[in-house]
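Asks: Here is what each chain is made of, one letter per residue.
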Amino acid sequence: MSATKSESTKRLKISKGSIFSHAFIWVFILFTLFPIYVVIESSFNNGGALSTNSFVPSGWSWVNYKALFHDAAVPFGRWMFNSFVLASANAVISVFIGGAAAFAFSRMKFRGRKIGLQALLLVQVFPSFLAIAAIYVMMGSVYTVFPKIGIGSMGGLLLIYLGGSMGVNIWLLRGYINTIPMELDEAARIDGASTVQVYWLIFFPLAAPVLAVTALLAFIGTFNEFILASLFLTNVDQRTVAVGLESFIGAALGQNWGPFAAGSILASIPLVIIFLSLQRFIIGGLTQGATKG
Amino acid sequence: MALLDAIMVTMFVAAYNKKSGPIEAVIAILFALLNYVYFSKRSIPLKFLTPGLVLMVLFILVPVIYTVSMSFFNYQTGNLGSKDGAVTAILQTGLTPDAKNTQYDMAIGTRNGKITVLLTDPNTKQSFIGTASGATPLAIGQFKAAANGDAIGYPGFVPYTADQFGNLSDQISALQIPMPNHIGFAEPQTESSASLFTQQYSYDKQRDTLTNVQNGAIYLDNHNGNFALATDKTKVIYPGWRAYNGFANYLHLFDDATIRGPFISVFIWTVGFSFVTVLMMFAAGLLLAVILDRKIALKRFYRSVLILPYAIPSLMSILVWKGMFQTQFGAINGLFGTHIDFLDSAWMARGVVLIVNLWLGFPYFYLISAGALQAVPAELSEAASIDGARPYQILRQIKLPLVLQILSPLLIASFAFNFNNFNLIYLLTGGGPTNVLAGKSSGATDILITYTYKTAFNGTSSNFGLASAISMMIFFIIGGLSLWSIRRANVLENN
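Line by line, the protein sequences are chains A and B. Mapped onto our numbering, the consecutive letters of the first sequence carry residue numbers 1 to 293. Mapped onto our numbering, the consecutive letters of the second sequence carry residue numbers 1 to 495.
Hints are supplied without guarantee of correctness; some may be wrong.
[What the hints assert, rightly or not] Which residues of chain B face chain A? A few of them, derived with a C-beta cut under 10 Å, are: (1) L46; (2) P63; (3) M280; (4) F301; (5) Q326; (6) P363; (7) S462; (8) G479.
For the record, the hints were derived by calculation from the structure and aren't laboratory data. Note that the Cβ used here is the ideal one computed from N, Cα and C, for glycine as well.
The task is simple: from the sequences and hints, build the whole structure.
Replies: Written as structure tokens, this is what we have:
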């Protein structure tokens with residue numbers, strides 16, 4: 001090594017700084033991993049209660065996982081199914097409907113477009129559960145006429161999710177669509193394509209990745225939603241996994257902790273896998289949608 | 001389309017059958033709108049916009065408008081229904097034994113398929129025959145009398161056996177027999193006796209007043225959803241009804257000490273929490289991003305571990321953290337061998353909320369900070385280093401200001417999000433600890449949105465009007481903040 005003197009002092013400095021850097025990072029690594037470790041450990045712990053004094057696992061077993069699928073009072077499989085149905089339905093439908101509206105806002109000239117956009121912007125910052133009392137009373141009266149879409153039904157809940165996420169979705173998708181070159185549409189039009197054809201044949205395939213990301217965000221959002229689901233779905237069999245697991249931990253934490261840990265791991269794994277495999281797109285979407293305005 | 005039309009027609013008929021006006025109207029409008037949009041060739045943009053707009057109008061705009069209107073009503077437990085309903089309920093429930101405590105000897109049975117009673121006043125020896133629809137006096141000789149003069153038989157009257165009486169006890173105990181001359185109702189008390197009850201209130205439809213029959217006190221409509229004593233307005237009769245009360249719900253937030261106290265303390269915590277938590281998450285995220293922006297060993301490993309909290313569904317994480325802070329079995333107490341009830345002390349609970357939210361949120365801030373750092377043009381740093389700036393100076397004076405500028409809309413959005421971070425507070429602490437002994441209705445970690453929820457859906461005393469008023473306050477704060485942020489972003493863009 002033929003390092004000059006100045007270079008070696010520089011290196012020394014960096015390594016001092018990097019000691020602090022590494023220390024700081026490790027604090028956060030431990031902070032991040034701590035709850036994850038605790039959950040995994042207690043999900044395999046057959047003691048029932050959370051291991052108290054030792055952090056070394058004491059006996060591994062699948063007892064907690066089995067309990068989730070063999071207890072009629074805890075239809076965990078059913079809850080997962082409900083969550084996935086609701087989340088997928090919301091993701092798919094909202095992308096189709098939102099994509100169409102975003103396409104119109106991005107590519108068409110019509111009266112009221114500007115006002116519409118501004119209204120959209122305001123609407124998307126109002127989370128729909130701010131009006132939760134109103135939604136509750138409203139869907140209660142819908143129930144008297146159509147039990148299928150009123151309070152206590154997954155159909156009604158889906159409609160509210162769709163309405164609630166529409167503002168954000170249209171806004172995000174519009175941001176993406178604006179980045180698709182206009183020349184493509186124009187070329188297609190010159191070749192004689194109608195607006196609807198441009199939408200389905202040009203725009204939809206091109207925007208597929210961003211549509212997928214929006215759908216994914218809608219999916220995660222629905223999966224994480226608690227308040228409306230807990231208010232709407234009173235029947236045990238109708239619960240989403242979020243509401244179900246909450247009810248689980250609410251009552252007697254001491255006995256339920258093990259199965260709860262197992263349940264929360266099972267419920268998280270699909271989402272973590274989806275997220276990590278698509279993180280590049282999701283992260284791009286996060287910053288882009290917000291900064292491009 | 002034809003299928004959709006068919007469904008809507010069916011739905012309309014169903015709504016029409018139930019006579020629910022607003023729902024009929026909504027379906028009719030939808031029907032007309034959708035058919036116009038998709039069968040006419042005129043407006044292509046509308047074909048694309050309509051489904052999204054319909055959903056937004058129905059499930060955001062309508063609830064918002066409804067919230068606005070509810071906030072102007074006295075709409076709470078005890079004031080839920082219509083005025084007619086309230087008057088009927090007052091008249092029915094306000095029954096008290098009459099002044100003389102009149103008791104009747106009674107024979108109960110069936111006649112013409114209806115529950116029928118034969119009543120005899122043992123003092124006056126006057127007998128009656130009655131059903132739920134009314135009673136008529138009987139002259140001596142019309143009925144079969146027992147030795148003491150009580151009516152025990154009448155043509156067509158078949159007395160109940162003890163078994164029948166037992167089986168029908170629910171219906172019988174609910175039986176009210178209006179006595180002649182409006183003196184009150186006879187209600188069966190045992191198998192062989194009934195008591196006379198008089199109405200406590202009588203309603204004068206023309207003057208819209210209730211009068212206490214026994215002491216003559218007069219109650220007037222207080223224009224706030226209740227009848228109140230004419231001489232003392234604080235004495236009101238329940239149930240009341242849902243009544244327009246103007247800005248009363250809003251004013252209560254400021255002039256009613258029992259409401260103002262919790263509202264103001266919740267408001268302060270909401271703002272403080274949102275501010276501090278965003279600051280903490282942003283500081284941690286930015287620092288991590290700055291460190292990991294350089295070449296550093298294990299960078300990829302660090303990165304993938306650090307974004308884990310963002311990948312895990314936040315709801316699960318919150319519940320897990322809740323379990324870990326638990327007193328007896330919680331991992332935190334287990335780790336230190338202590339028995340601290342973290343969620344029982346106001347400041348510890350607030351600390352827990354901040355720590356958990358830091359865990360949930362710092363990966364997001366790390367990701368956006370890293371993205372923003374990458375977005376700073378390399379030429380700027382190069383130019384600065386040519387001018388002799390040291391790496392720290394480049395970071396401090398060139399990169400950070402730019403990063404802050406890029407991220408400020410996201411910081412404001414995050415502030416708005418945490419302002420309404422219902423899941424975190426509701427699932428982690430439930431808003432508590434709440435000092436119930438001191439008569440507090442709000443907890444130390446309650447933010448406005450959880451407080452609204454508690455106000456609207458509190459099992460024993462729900463107050464939809466007040467909850468809607470608080471919701472409106474949140475609308476204004478968040479809406480104003482967003483508008484300001486957008487204006488600001490537009491200004492930046494135009495420059």
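Asks: For every hint, state whether the structure bears it out.
Replies: Outcome of the hint check:
no.: 1; hint: L46; verdict: holds (8 Å)
no.: 2; hint: P63; verdict: holds (4 Å)
no.: 3; hint: M280; verdict: violated (12 Å)
no.: 4; hint: F301; verdict: holds (9 Å)
no.: 5; hint: Q326; verdict: holds (6 Å)
no.: 6; hint: P363; verdict: holds (8 Å)
no.: 7; hint: S462; verdict: holds (9 Å)
no.: 8; hint: G479; verdict: holds (6 Å)
The structure fails hint 3 only (numbered hints given earlier).
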